[in-house]
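**Student:** Here the protein sequences line up with chains A and B, keeping their order.
Residues 1 to 457 (our numbering) are what the first sequence spells out, left to right.
Residues 1 to 484 (our numbering) are what the second sequence spells out, left to right.
Incorrect hints may have been included.
Claimed, not checked - Some chain A residues flagged as far from chain B (calculated, every beta-carbon gap over 12 Å):
hint: 1; residue: T31
hint: 2; residue: A89
hint: 3; residue: A354
hint: 4; residue: A383
hint: 5; residue: G387
hint: 6; residue: A429
To be verified - Facing chain B, from chain A, some residues (calculated, C-beta under 10 Å):
hint: 7; residue: P47
hint: 8; residue: T49
hint: 9; residue: P205
hint: 10; residue: E206
hint: 11; residue: H366
hint: 12; residue: D380
hint: 13; residue: G391
hint: 14; residue: E422
hint: 15; residue: L424
Claimed, not checked - Quick look at which bits of chain B chain A covers, simulated, 3 or more residues with Cβ under 8 Å:
hint: 16; segment: 182-189
hint: 17; segment: 407-413
For the record, the hints were derived by calculation from the structure and aren't laboratory data.
The structure displayed is predicted, hence computed values, not measured ones.
Glycine included, each C-beta is placed from N, C-alpha and C at the ideal position.
These are the residues of each chain, in order.
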Amino acid sequence: MSPLTALLARGPGAPPLWRPAPRPGEASWLTDRRREATRWAEGHGFPTTKHEDWRYTRLDDLLEIPFEPAGPASSAAEVADEVAAEVAAGLGPHAGGPRLVFVNGHLVAERPEAAGPAPGAQVGSLARALEQTAWSERLQSLWAPARAGYDHAFRALNDALAADGAFIVVPAGCAVERPIELVFVSASGGPPVLASPRSVVLAGPESQVRVVEVYAGAGEGPVLTNAFTQVVVGPGASVSHYKVQAEGTSSFHLSSLEVRPAEASRFSSWLVALGGRVARHEVGVRLGAPGAAVSLDGLFLPAGSQHHDNPVRVDHMAANCTSHQLYKGIMADQASGVFNGHVVVHEGSLGTDAHQVNKNLLLSEHAQAYTRPRLEIFADDVACTHGAAVGHLDDDALFYLRSRGIPEARARALLVGGFAEEVLARLPAGPLEAYARALVRARLGAEEGSGRPSEAP
Amino acid sequence: MTTTLDGAQVAELASREYQYGFVSDIDTDLAPKGLSEDVIRLISEKKEEPGWLLQWRLNAYRHWLTMAEPTWQNVTYGPVDYNDIIYYAAPKASKKKPSSLDEVDPELRAMFDKLGISLAEQERLTGVAVDAVVDSVSVATTFQRELAKVGVIFCSMSEAVRRYPDLVRAYLGSVVPYRDNFFATLNSAVFTDGSFCYVPKGVRCPMELSTYFRINAAGTGQFERTLIVAEDGASVSYLEGCTAPMRDDNQLHAAVVELVAMEGASIKYSTVQNWYPGDADGKGGIYNFVTKRGRCAGAGSKISWTQVETGSAVTWKYPGVVLQGEGSVGEFYSVALSAHHQQADTGTKMVHIGKGTRSTIVSKAISAGQGQNTYRGLVKVLRSAEGARNHTRCDSLLIGPRCGAHTFPYIEVKHPSAQVEHEATTSKVSEDQLFYCRQRGISEEEATSMIVNGFCREVFRELPMEFAVEAQRLLSVSLEGAVG
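Only chain B is shown next, with the shape it has when bound in the complex (with noise of 0.2 Å):
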């Protein structure tokens, strides 16, 4: 361990650091194993980073330190050794940016190729702007010149932090503070990689924003953080969506998104997650312990969560909305499955502030193999939410006599004239539906696929059209092997 060093010279030795700017000569690309103050420094340096940043990553590490791993999810995993994780990787194609695709290291877009995930047909096709990230570092940015131009911000974490300090210093932890929980606090201390997104005030964002996060190097732990903040009257649609290629150990994913909405904003957020489920007898896979929240900081303010979630060994996480200001609207959309092994412990939390504010939540979970769902929601309506409604609709489907759904909600309400309702029905697939589709001669793999996807509609309809297709592909394909 180092001296402790008071929060000033900290600061003042950090300031330094970034002045004489290290990043260019450094050629290690892996930090060393293991968590410590000097991981930390080398991570805030490697990046840059201003004085401020890195004093805020010590503070979450050392708080961190006196936290203990929470033990009370459905879902449960080996232990993880937190110093036998890398915590900075960067690709080697990383030293100079590519500045159009062609740049683009051509195995790395060979992996995307493979992927289904051309970033060159994404950009011919459908005129998304992508901001892949592959182990950490941006790799490629497109679109930024078109979203320049109306003002919209969308670049890599690191590089808002250089560019755009004031604002990232703002917004950073202004919805999920560095305390707020184990994850989100080891998070907060080692985050390397990410997106920003700024939309300044009144702008509707020409386009739907979309990155690709990717653990595409051995033995490390991606630690991403996302900041979207949408000024008075602006609206953004945000996509992220996610697969790994095989891997056999397991590897810990704890990022944190935080959304902020302004006076009559709108932000969409929508997840498509595959990352990779470990093999049909439960062993790998990912651990998707991830920390989402927004902040309805408006009147008439809107966020909507929208997430498909069929990766990953273990799952748990509750993106949710606080509802502070007057009106505001939260959504939660979410299908959740878990097959084989998997385990998904997901819900939302809706936290109902302002007067009259208004949340959705629509859960679909569908459990097969030995797969293990469990819905968690918390609905809260505090004192001041006068008028406040909430709807939550949960269903469950089980396929196999082996798994199993879970429902948990929480709801606290403080004001008489708050309205929440909760309904939740859990269930199989229907005999006389299944009989119906094989009497027609599909068989029965293809049926429940069928009737699986129409569960599913309501949730798939929130989707941008091009993540709708390729959620159904998925369900599809992580259900092979689960059914029958």
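So here's chain A without its partners, still in its complex pose (with noise of 0.2 Å):
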């Protein structure tokens, strides 16, 4: 059995998912897009370690699951409502954005901005927008034609199965000053589900917006998310694009975030990824217009047996951009991680500057790094550096904070909190600075009562 019938095995009376029906009020292009990514995926198959981008990370055990892709109606819709009544607690007394809440996908709730939406700018729903025929041709051109491939399967599958997700549209000058907010949760009664939102964030000249996503999870059964965001930053605008990934540890998480900066604008990702049993989270951003600056952050803290992998690839295209990456990885118990970054500087690209930063700490005997920054530079203006480090907690930091009557575990966390800061500090305050350190604080509270590394098994 190929891979791809493994994934998609479907019950009797299934329509074929390699010929995607079309949906009511779909625009043709629609259509075609959708079985054109089918057939590509179809025909390329999924990646595997052979892959020189999957390298570490296996897919075997997804590949087994017979995933069915979500209908609009999930039946693990209440549950989802609590798990977003949750989320929505832990981003606190919230600053009065708009909030989206999305199950498996699909729009299931949305709360308009408080004090009303900034003049121009639409928050909303995808599905929404691609009946528009205003907006449906504006989105064609983000519905990339298979023939100009893929990077894998699973891009291909979300253009074949996205059908919703948020569509942010924030027009030139207009600068939306609360966050808003994306609540993604991931929900299965029971039989295992294939998500696939796909978000679109437009943000005209001179804007400025700040868009958080968070993924939750909710119920037994496994879930695979395989979202997809597009963020097209227009010029002189500034992106900021905040990500948890907290979903339970029996769904898996493949998500790409895509970025298209134009001439002197802003863009800022800033990741911290918690949950899912395989989690993979691609950030890929092509610099094709001069003077554009992008920072790319996360901090992931895989345990049990996770496994987090973070492609992040940077295309210098056009002079004068500036690129950063700053990723640290904390490992714990039996879990692995990888950084997989890639700078690419194309010939021409004079004045570049990229710095590429990965460190890992390793908790425990059996956790495991792998870290892989990679530079490719085809012009010689540039000042290109990257470094990566993978280590375990200094002995004489932990001597040091003993000697002064700190206890073992509160000064362990002491440090792996400080080593987790670098990244945390980076977010702005407010709401979902607190909800970040909540997470990561419980996370590595419950790594401290584990006990000593060298105990563990």
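Since each chain sits alone in its own frame, please combine them into the complex, following the hints.
**Tutor:** This is how it looks when you write it as structure tokens:
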């Protein structure tokens, strides 16, 4: 059985996925693209560890599960509501920005901005936008034709299956003051579910917007979240993207964030990853116009037998762009973490300034770290650096703290917390920061309970 | 194709041929073009090899037939027709072995002199024992007697196979097994000669050992095999230098170097590689696809690779160290220059197995013209390697807008007490430094050469003195015409 068939093993009577039926009211281009994408996925198959970008991430378990694409009405919707409420509570007395809640990739609740939306700004469902002719045409360019190729079959699968997600438009010169919160709940009452949310952020020239994506899980059954977010940053615009991935450990999370910054724009992304049995968060930035700057940060904390993979690719294709990456991993128990950074400076991209840093902390004897910071440079007037490190807690620092009467568990927590702080500190103060800190603290606190790594079996 | 024989039959047949001795009455200096079991038998026959070695070659060949040429490397080159290569070539002078330098073919000596590596001068001035390999057969071996006094065996691989078969058999393929990779397997099947060095227990080799490989008959690939074994507490420093005359055809060079260091032993292996890189348009040049690996088998052993790679159209090699012994040390120092259309995909592999093993990697890559330079390194810390330590530093220098420098480190850590660091920078020659030099009347080319040499100093420092001088000169010569 081919992996694709295994993944999409379907019940009797279900329409064959490789020829998706047009959805009611769907534009014909979309039907075509979806069909092309399925065909592409079928033709190329799912990535294996033989693929350089998937070298350390085994998908065998995942491909054995017969996932079923999620429909708009989910049986687990009620559980999901609870989780959404929990997340909302965690995000605290919220900042008053708009909030959308999705269950398995479909919008279930939305709360508009308390103070009324910024003039011209739009925050809503992608499914709805696709129904409107004007937006549908605009969105067509974001569904790349299959002939352009996909990075891997999961991207193609999202193109084929995505029906809904967030759709955010910020007009020129508009500054959306409060962060836009997107809560994605993956929920399964039993049968394995494949959720394919797709979100689009269109930031007009000189605009400003902050988008928060929170992924949480509910229910016992396995869910595969195959999410895709596209961000188009207009000239001189500034976009910040924050993502908290805290799904359950029975779910799989594969996501992709694609960014297209225009001239002199600013983009920053920030990730904290805690959940998922296998979680892969891919970031791809194509710096195609001069003077743009991007900053990509991440903190991943796999524990138990979790596996976290973080492929980050930045393509410098224009002059005078700056990119900065800081990814930190804290691996506990038998967990493994991967950083797979790739910076390509294309010919003619003079004045490029690219920096890439990955640091990993191994907390237990069986934790593993794989890091692969890659630089590919085809221009000479550039300054590029990368650094990677894998280590354990500094014994001297631990001794220093203990010699001052701090119990070992506390001392370790302090040091690990300090290690994480570098990334956490880059978050703007506010409810999101508090929420992220609480999650990280809870994760690291749980580590301390398991005793010294040297005593672990 | 010949009918397939089983292993025992082949071995029997091979040893019988050896018994009768075929070497003296073979006039042909070249094997027929192409690769087949017959060619391998011919090579083995000519070299008077024992049956087990022929069998080993044939095993490699049969395995090679099942392998596909790898494509993951970051270099491109035209397809290699393995049946258009002459796998064995012997220089005319090889029938009778010269006992001293005076007996060496004067034309060959003139060629050495032209290349600036006069055997006579080396012998007289530096006291370096030279085992010069011209097209697969050792032409001259010097200082052997001096070395023999302290028990060091240093001879050509063919001689070692004849005189010390047990030693060769014990270590050949112990670091790079014949199934290792496409080119190493090919080498195992057809290797013609190379150097063998054995340093017995507790002996410090009294002189630097050196071999010059040349490629001088058109259309012959070179498949060298080098094996260096240092017993407990022994130490040896080995230099390998390469130059090749101008040649239009692409020539494949697929050598294998194996190093074995026992307890407390240390091996230092230095290479200056300056094979024909092709002309300014990227035509011709050597394909240098080499497998080099050392095994720190004993506790506290040390293997150090130093390489200066300025030649070859395509260089593709990763001298590595398998750090098995507790507290063993691996080092890799490299300068790789790709100018004009040269391509290099080189780096190292450090595999930490033993407790407290340490490794250091310093790589300096220089790209000029349309050269493409890739550093690819693997640092792997296995679960058993408690307290392993690695530090990697790789810097790239870009000269000109059309060259490329790429860094692909792979770090895989499975023990929490390991400490692994990697840092890399890529930049061009600083405008300020150039301006400063030019202000003081130094031409741009000269200034660039100075800056590049300074950039590489960290690695040159690791080279034996005479090589350091040669390396600096090489770098300046190789950069000529690629700057400005």
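**Student:** Next step is simple, just say for each hint if it's right about the structure.
**Tutor:** To see whether the hints hold, each was checked on the structure:
1. T31: The assertion about A/T31 holds, with a minimum of 37 Å to chain B.
2. A89: holds, 36 Å
3. A354: Violated, because the least Cβ-Cβ distance between A/A354 and chain B comes to about 9 Å, which does not exceed 12 Å.
4. A383: violated, 5 Å
5. G387: violated, 4 Å
6. A429: A/A429 clear of chain B: closest Cβ-Cβ about 32 Å, beyond 12 Å.
7. P47: Nearest chain B Cβ about 15 Å off; hint violated.
8. T49: violated, 13 Å
9. P205: violated, 31 Å
10. E206: violated, 33 Å
11. H366: This hint holds: A/H366 lies near chain B, its Cβ roughly 8 Å from the closest one there, short of 10 Å.
12. D380: holds, 4 Å
13. G391: holds, 5 Å
14. E422: Since chain B brings no Cβ nearer than about 16 Å to A/E422, farther than 10 Å, the hint is violated.
15. L424: violated, 22 Å
16. 182-189: violated (count 0)
17. 407-413: It holds, with 7 qualifying residues against the three required.
Comparing the model with each numbered hint stated earlier shows that hints 3, 4, 5, 7, 8, 9, 10, 14, 15, 16 do not hold.
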